[in-house]
Amino acid sequence: MTEPTQRRGRLRKAPENYVDDALASDITGKGLNAERRDFLRRSFLAASASMAAVSSVATAATAEGDPSILNLPEHSVTLGKPVVTNPYGQPSKFETALLRRESPGLTRVGAASVSFAPLQGLFGIITPSGLHFERHHQGWHDVDPTQHRLMINGLVKTPKVYTMDDLMRLPSVSRMHFIECGANTAMEWGNVAVPSVQYTHGMLSCSEFTGVPLSTLLDDCGFDRGKAKFILAEGADGSSMTRTIPITRALDDVFVAWGMNGEMLRPENGYPLRLVVPGIQGVSWVKWLRRIEVGDEPWASKDEALHYVDLMPDGLHRQYTSIQECKSVITTPSGGQVLLDKGFYNITGLAWSGRGKIRRVDVSVDGGRNWRSARLEGPVLDKCLTRFNLDWVWDGKPVILQSRAIDDTGYVQPTFNALRAVRGTRSIYHNNAIQSWLVAESGEVSNVQVN
Amino acid sequence: MYRLINSLLLTIALAMTHGAWAQSFPNVGRTATSAEIAAWDIDVRPDFKGLPAGSGSVLKGQQVWDEKCASCHGTFGESNEVFTPIVGGTTKEDIASGRVAALSGNKQPQRTTLMKLATLSTLWDYIRRAMPWTAPKTLTTEEVYAVTAYILYMGEIVPEDFTLSDKNIAETQKLIPNRHGMTAAHGLRDVGGKPDVQASACMKDCAAQVQVKSSLPEVARPAHGNLQQQNRHYGAVRGADTLKPVLVHAMGDGSRRDMVVQTAATTTAATSDAAALAKQFGCLACHGIANKMVGPALTEIGARYQSQKDALPKLAERVRKGSAGNWGNTPMPAQTQPSDAHLTQVLNWILAGAK
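Taken in order, these protein sequences are the chains called V and R.
Using our numbering, you'd call the opening residue of the first sequence number 3 and step up by one each time.
Using our numbering, you'd call the opening residue of the second sequence number 38 and step up by one each time.
One chain only, chain V, in its complex shape (with noise of 0.2 Å):
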């Protein structure tokens, strides 16, 4: 067999994948040695000459250099495609690795259960709208806009009904807003129950949203000012969810959203209307928003009275438990990583409160012994995410990293145990605990919790 290194000839690309995952993952574990570096060519000669699907090149640096550079790519050497070839573009084809996905034995329904966000890979705050975790609770469906109605009844002085093209002619507002499940992390609360950050953090989002003040539709219908106490607002799914929103917070920020990141709502994010509730939990934030009723008195509709309901020690449930607290988790590394070599690293992470602005964020990578300031990266918003990043020199010994969130009313995001001797372990909702990521000295990253 010819030293492929000593070719002159082209190197050709390689089909994704001509290394097995055996070999894969015996060069993750131990590195690249002779024997494994002469298969590799060997396997890549095979595959040159077979020339199926162009894929990205695997090379090996020579002593002249490496071949990524010493030989054009295709790309470099060919016209490219024309414009509108994607008149809706979609992402790289070798971006197949960062889907929602499922928490096997979450749920044991399709249409009522959750996919979460791939937080492992992704950058900066806004989450890619076709990456936006998923909540149903009766199935979704891709509403037809000119169809959909939105009612305003109740204690108002005019009910009114509103299409999309009434909605869409009045003052609008844009908005960066974190969404996150009330049931985030709630595998998390007795023990370790999950493997990587997707699945113990994946029911987070965050969009930029388009709508109009909930406070300009219920003015406009005149709501009563002196006997309004509450707002129930109802989805148009089979489902018709259902929840009540205190009348202070419904005038507050709350508005009711058809933008997402300057297209419309996708149909699994409520197409073509949600609510969107700054702070408070998602379910909340009705999707296919059909009505808001104005009231004296709360609800107590089957998803925050069946469901979505905290209980505590004492065998009571807490009811109506709104607000997502402070909270922040290292997205990389992060649980099911593994960590490429010993040396720098970015460790990056995200940051959030349902009551504000992120004012801090520390890091540990001592399992909390120790803290250290994170950069906070811009725009630091009200109830956004933040993202954070700290420069850190790995030194190949076992690590416990953690953080640690501050937000502007000075609430410090706790760790598992303070929350649990409140709380219990059996309360689902609700959990922004400490997160703690072991990097092995292999340089596997798992899901841990310490004392």
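One or more hints might be untrue.
Across the chosen pairs, the derived CB separations fall in these ranges [said to hold, decoys possible]:
1. R:Q246 to V:G126: 35 to 41 Å
2. R:Q246 to V:V175: 48 to 54 Å
3. R:Q100 to V:Q149: 31 to 37 Å
4. V:D144 to R:R357: 24 to 30 Å
The set of hints was computed from the structure by calculation and includes no laboratory data.
Where is the CB? At the ideal position from N, CA and C, for every residue including glycine.
Starting from the known structure of chain V, arrange chain R on it as the hints suggest.
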């Protein structure tokens, strides 16, 4: 042409004098009719505001239950196959006290609907707006009363000859086992609420000793698929190959600096189109692909019928018309949703082993 432009300008100028900065929104939205409000405003509050007049008996409730509810919730509301159980875990003492004793101190393996329920209006409204699962809002007012009554009967809260109505529902509320089991006394209701805990922001020498108290057991390592395929195959890190044992080798200096190998970037094999259809049409709500749930596993069905000549039309008819008795007593409701083509595709897939 000059005259036309001039007259256009004049028109625009006139129009502009008629504009005004808005204080309200003329011609946006319209008044809702009372029929429209009645069609949508179906909510019932704990004080029973919104409850329509009517009644329904336990006996009638049992008929509706067996026909429309039992396939998911079990004959006695006890099923834990598709949804968590509705009935169970409450006692006569709970009815007397208004607190479900099993909820305190981690004594219950699972919380049933009747253990949590504090307000009867919630159950009525739930059934009214969201049930049956695949055909919500199709029950009559009598059926909603009746099913509510039947659930209370199964929970041994009301007798067999009971009829629930708008007249006696407030009295019946006083029997709900967990009626005193809710509290809104907490700091999570709104922005200004007091948090449960206030941690310190200690920066140095905070914890005396750090010990790992919990980690994922080895047996759960592959439970979420191969994490290698859930991370990019390039960049600062890779995903761990969770189909293989955990890595144990310590990292050497620069041992992976040359790692230019592409780790597998393929996603898990796409499920077949037929499997996607089976999911879409709700087959998988009651049938596991390889595991028995409410109904038999699809692989079991395939194994039993694949050698029969007329298996396809026979199964198609059972799906269309509903069926019972072939795999047990739980009936399968009639399924009208899939097109003939889709149904054939799914059935052929099942008969081929549902792979």
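Against the structure, the hints come out as follows:
1. R:Q246 to V:G126: 35 to 41 Å: Holds, at about 37 Å.
2. R:Q246 to V:V175: 48 to 54 Å: At roughly 50 Å between Cβ atoms, V175 of chain V and Q246 of chain R fall inside 48 to 54 Å, so the hint holds.
3. R:Q100 to V:Q149: 31 to 37 Å: Holds: the Cβ-Cβ distance is about 35 Å, inside 31 to 37 Å.
4. V:D144 to R:R357: 24 to 30 Å: For D144 of chain V and R357 of chain R the Cβ distance comes to about 26 Å; the hint holds.
The structure shown violates none of the earlier numbered hints.
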